[in-house]
Amino acid sequence: CNRVSVSFDTFNHVSLEIPQQQNMVRPLQFLFVPSAAVALSLKGNSPLPPSVRYGVTVRRNEFIGDARRALSELCRVPPNKLAICDVYEHAIYEILQDGKPVSTIRPTDVLVAFEVDAYTNTTIHTIATNIKKYDATPESDAADKELKDKYDPTDKVAFGYPFLTSFHAGYTCKQVYDHIWNQVRLMIGYQKASKGSNKKAKKKAFEKRLRNALHIRVVDNAGKTRPLFSTTKAQQNDPTTDNHDDVPSILPSTSDEKIAKYLGKDCTEQFLFVHLEWEDEKEVKAHTDGDGKQIVPFINPDQFLYYEDHPSLAETIQNNQGTNGTKGVTLEQCFDMFTRPERLDENNKWYCSTCKEHVRAMKTMELWRLPNILVVHLKRFEFKRSFRRDKLDTLVNFPLDSLDMTKHCAKSGEQLPDGGQYRFVEDRLPAVYDLFGVTNHFGRMGFGHYTAFARKWDEEGMSKDWALFDDSSVRSVGDGEGVITPAAYVLFYRRRAFT
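For any residue, its number in the numbering used here is found by taking its place in the sequence shown, counting from 1, and adding 2.
Since the hints were made in silico from the structure, they are not lab data.
Just so you know, nobody snuck in bad clues.
The list that follows gives simulated cross-link-like pairs (lysine-lysine, DSBU-like), each with its CA atoms no further than 35 Å apart: (1) K83 x K176; (2) K210 x K83; (3) K381 x K466; (4) K260 x K176; (5) K158 x K260; (6) K83 x K102; (7) K393 x K365; (8) K226 x K210; (9) K365 x K409; (10) K158 x K267; (11) K102 x K358; (12) K267 x K226; (13) K102 x K267; (14) K466 x K393; (15) K102 x K381; (16) K210 x K158; (17) K83 x K351; (18) K226 x K176; (19) K409 x K381; (20) K102 x K393; (21) K351 x K393; (22) K83 x K260; (23) K176 x K158; (24) K409 x K393; (25) K158 x K102; (26) K365 x K83; (27) K226 x K158; (28) K83 x K226; (29) K381 x K393; (30) K458 x K409; (31) K393 x K458; (32) K409 x K102.
Model the full assembly from the supplied sequences, consistent with the hints where possible.
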């Protein structure tokens with residue numbers, strides 16, 4: 003219902019989580035593949051939009067549903083029309099559900115989001131895999147030799163990206179073929195191959211070569227052929243079935259029969275699996291390009307991996323470097339985690355008075371007014387087992403001087419009606435702080451030892467000399483070298499100019 007509820011609570015200190023394990027933010031990369039059917043309906047004969055890689059940042063304790071919503075905002079496709087898949091060895095290994103924790107996603111996993119129609123009783127969802135028969139002959143292209151050397155000449159090998167697409171159950175076989183072909187056109191990036199003079203003719207010839215090299219075979223979820231189609235006269239005259247074995251399993255590209263007639267009444271309740279079989283160049287009839295020269299198409303696997311990068315990809319990688327805890331984190335990152343919106347989990351739902359039910363609302367913590375003395379508590383203890391808390395020894399790098407809290411306050415950087423910007427100040431005093439004390443903890447929950455670093459300050463300013471307080475012992479530690487340690491537990495900052 004988009005209801006927003008705001009409450010104000012007083013505080014005497016700020017408790018910050020340390021980016022660690024499931025509380026760390028997790029950068030995810032998604033290859034987004036738009037629907038060719040949607041693109042064609044919106045743009046007519048305009049060039050199809052390319053596949054795009056996006057970068058999304060979520061917390062490690064969040065779920066795929068949270069990542070789906072974040073991706074939806076970037077690609078402007080509703081979340082219920084995004085099917086997020088784990089692609090492994092050129093096939094769709096798993097369709098990820100909203101409840102899957104992002105912490106289970108490995109850094110090497112390839113995540114692909116396909117734009118599809120919502121699951122209904124009138125929609126068929128299809129999983130397509132690219133297949134090529136490799137021919138290990140001396141005449142074959144040298145660029146493909148490495149792949150050919152791995153397989154027997156009769157092997158059919160998957161390559162490129164698979165895809166998930168959807169279409170209406172009332173489609174004819176011809177419409178299904180055209181629909182899948184348009185999705186292939188979108189993914190292979192053939193538009194970039196068409197350059198120079200006579201571009202339209204070359205583009206048309208390039209498309210014709212690829213289409214004539216394609217056969218769509220219906221298989222089961224194990225990849226075995228499904229002989230669904232009868233060998234009719236129309237099928238015998240179909241150019242896509244020339245000299246091809248197992249014709250009854252090949253989708254006829256010219257048939258006006260409804261696809262549902264062959265798939266059965268429950269066709270919308272399960273996935274349709276197809277292999278996109280690309281013929282070896284020796285098996286395809288020669289065609290002519292725009293200049294009238296005879297050519298023979300060759301299917302280059304690299305063409306089936308075409309995509310472009312969105313600026314969010316580089317930004318996500320850059321913003322999340324150094325948060326793995328091995329080299330420590332910064333106080334800035336701890337504050338960023340404190341103010342980052344968080345979706346409540348199932349055990350902490352919030353009651354919405356508009357919806358009249360408990361919901362997993364988005365919670366955002368913001369600092370509205372800052373004190374003269376800012377006390378920052380670093381949460382170094384976390385529950386891992388019942389009745390036990392483990393201590394986090396992650397090094398937190400915090401500034402000794404000039405901590406600027408402006409960006410961490412509500413409304414910071416937003417536009418004012420007069421064109422200016424909000425700056426969190428009181429009486430025109432900046433929100434800049436200098437550190438004057440640190441409480442250190444050694445040991446674990448329930449027992450341990452405390453020490454402290456401190457330095458003098460008065461109305462004239464802050465001293466540069468630090469001292470270490472350890473029980474009855476006090477000694478000078480110079481200009482602050484050694485103050486920043488993994489034992490730092492509570493930080494005390496003084497506003498440079500009092501309000």
